[in-house]
Amino acid sequence: MNRLTKILAVAALAVTVPQGCSNNNDGTASKNGGAINKSSAAEKVYVAPGEYDEFYAFMSGGFSGQISVYGLPSGRLLKVVPVFSVDGEKGYGFNEETKPLLETTHGFIPWDDAHHPELSQTNGKPDGKYIFINGNNTPRVARIDLTTFETAEIIELPNAGGNHSSPFTTENSEYVVAGTRFSVPIPQTDMSIAEYKGKFKGSLSFISVDPEHGHMDIDFQVLMPGYDYDLAHGGKGKSHGWMFFTTYNTEEAHTLKEVNASQNDKDYIAAINWKKAQEYIEQGKFKEMDSEYLINRYDENKHMAESIKKNKVRVLDPTECPGVVYFLPTPKSPHGVDVDPTGSYIIGNGKLNANLTVHSFDKMIEAIENESFADEAYGIPVLNFEDIVAGTVESGGLGPLHTEFDGEGNAYTTFFISSEVVKWKLGTWEVLDRVPTYYSVGHLMIPGGDSKEPWGKYMVALNKITKDRYLPTGPELAHSAQLYDITGDKMELILDFPTIGEPHYAQAIAADIVMKNSKKIYSLEENTHPHAAKSESETRVEKNGNEVHVYMTTIRSHFAPDNIEGIEVGDKVYFHVTNLEQDWDVPHGFSVLGAQNAELLIMPGQTETLLWEPLKAGIIPFYCTDFCSALHQEMQGYVRVSPKGEAPEILATTGE
Amino acid sequence: MKKLTTMAALALLLVVAACGGGAPEERKTVKTPDAITHEKVEKKETPKEIDPMSMKGIGPVTELTLPETIDQGMVEEGKALFEKNCAACHKTDKKYIGPAPKDILDRRTPEWVMNMIINPTEMVQKDPLAKQVLAEANGAIMADQNITEDQARKILEYFRTL
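So the protein lines, in turn, are chains A and B. Last residue of the first sequence: number 656 in the working numbering, and the count goes up by one each step with no gaps. Last residue of the second sequence: number 1162 in the working numbering, and the count goes up by one each step with no gaps.
These are computed hints drawn from the structure, not numbers from a lab. Among the clues, some could well be false.
Each computed DSSO-like pair below joins lysine-lysine, with the alpha-carbon atoms no more than 30 Å apart [to be verified]:
(1) A:490 / A:38
(2) A:516 / B:1084
(3) A:543 / B:1091
(4) A:534 / B:1094
(5) B:1131 / A:520
(6) A:534 / B:1102
(7) B:1084 / A:534
(8) B:1091 / A:534
Sequences are here, hints too, so could you generate the full structure?
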């Protein structure tokens, strides 16, 4: 295509614009079910320029491995927090300081599948201190500090294969839990897969959270039969002290699970009395198992993470610790298990069913006290279904997955196969309303919706399929989230927005709880990074053999030093860059030609390190990547790289 | 390049025509980058005459009388603060990124100096003297280093010794 044709094509396109300006609603009416009045929906989600949203929503990135933070009701993307996946934009996992966060006993793992963000709680309410999220593939749990919105800690889980039922919290974040989705030999061993039945095991980890610093460690693991442990939720109020996990594949199939794990009419919800487990631990009735795992912690003053290696974990065998585990028979491969705000009802979302099963906590306790057991499985008592069931929600939908609550006595359940959310009443089990979602909803989220006190104003449907919701972008589409107003009798769809990766699950919290603690800068005074240069007078270059350390500073708009000589091919050059700024929102970037990792993005008062190994002799420029000031384009420097063995004396200057 | 510009202009014309504007007058509003730069140069105003010693700046410090004697303790602390927070852009005796603080009190009031340290962002936007300094520094803004009033007073004491 020649240039003239191109220009004419552009012009022709421009001509068609006025037609596109007219409002044409054809074809959209069928896709906005529930949003009856478009203008009132627009008003409900409109957050005027310069104004803040009412809620922070933390959406898991699913297979992106990250958490993205959105404002609600606007659906505006506020930040992507890198957690389990490296992120070149922020240098996360590329700079020397954050690399240890992604270390495991399997080595450096640059990616994971992050499913369930879970806010820390105090007295059963989200407290805005931390958000936890599970790494599904290489089993881990991360803790994100909500003063900095950065990953503060990642703990690896031994004796686990796939960490899905995680990291659900207890009422005061005494624990966040992790259950193995895929059972494996525990301890791991080389054996035939066909010998699965009876030999593979599941583990349920209770990860303690230090109330002062948030530091995580594994307090104990409960060794379970070789089922698949799917989801979990903590008891609350009267059921505080219990944790509930769903299971599927009680058939213990090891192949074609699609068919073979769906044979039993009922699987189990495992009810774990963790307070009882604590008593056994105190009495020393645990086994100490050799199990290697890493705890990676980021030190906010040192601005770097370090890995702590652990070698042992305490394990409880339920057959030796009666009263810790009971099985609640629940129909049709239950997926989500959700506990209502009062802690009275345990809802099993049987994913191959049309109906929901609601168990009564009081009835469960009564059955346990009466020792009314139907059976036992691997020595664990199985309760009678009829003894414990409180009711059944005859939904009319298909494929229930997850339930959240509005705090007004109503529950909201997603139905994956019939692509809808059904609102029903706790206690009477009657269906009150239903709305379609677009399409194939997995989790749903009401701010605080799995806590004792939900903010029952909005509900977000987190969908797996997008199809025709947005302008097409080739075969891959951003997954969709849909926001519903749930303040009225009828749920009303008011906004539809694309998300990063997969909005697998999400949690939201009132903005005022979090924003007042949000950090603006890191104090240079408190910076204890061993390679920090806290003023320009401390900048220098040190060379020892082929290892070079550059102690560099940034401030608008120059680097010190900005002329460096004495480097040669084969050197390992560590740029330790300290941002001397002490003002909010003035990060500086650092990038150097030929760096095989990423940029640095250094917050005010922070020190970060980029390793650079030049392969070619010549004059190499480096520059600031984050537009910092009117003289940002001038924020640049040079490194002279000499052939091996020919480097002059080290020289590091600025303004000379 | 020239050909491209002509074609772009043509394309623009087409767009204007298509939108139903069409009047040739409207084209006058389309400025080339050259014209914009030129206009700016013409409009540049010469700064008004201001007596710097009458200006106190914008910020928390409204009235300050300096004692005759210099407090050496404050000087030491002020020097350390200066080196940590300011020295990346200010050399004591010569212009670097920003001006030198040597003899600053011959050119500025103590209130103005402190306000500039404490409140630089607002100062370079609103204070006529600060705006002038910003222009002289080619638009290199003064970084807000989160300096408290007490810290700024110590830095000022240090300046008195330069």
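Hint check:
Using a Cα cut-off of 30 Å, the hinted pair residue 490 of chain A and residue 38 of chain A holds, with the two alpha carbons roughly 15 Å apart. At most 30 Å may separate the alpha-carbon atoms for a hinted pair to count; residue 516 of chain A and residue 1084 of chain B meet this at roughly 28 Å. Taken as a hint, the residue 543 of chain A and residue 1091 of chain B pair is honoured in the structure, with Cα atoms around 28 Å apart against an allowance of 30 Å. Note on residue 534 of chain A and residue 1094 of chain B: the hinted pairing holds, with a Cα-Cα distance of about 22 Å set against a maximum of 30 Å.
A distance of roughly 27 Å separates the Cα atoms of residue 1131 of chain B and residue 520 of chain A; the hinted pair therefore holds under the 30 Å criterion. For the hint pairing residue 534 of chain A with residue 1102 of chain B, the CA-to-CA distance comes to about 24 Å; that is within 30 Å, so the pair holds. A threshold of 30 Å between alpha carbons decides the hint, and for residue 1084 of chain B with residue 534 of chain A the separation of about 7 Å falls inside it, so the pair holds. Under the criterion of a C-alpha separation no larger than 30 Å, the hint pairing residue 1091 of chain B with residue 534 of chain A is consistent with the structure, at around 17 Å.
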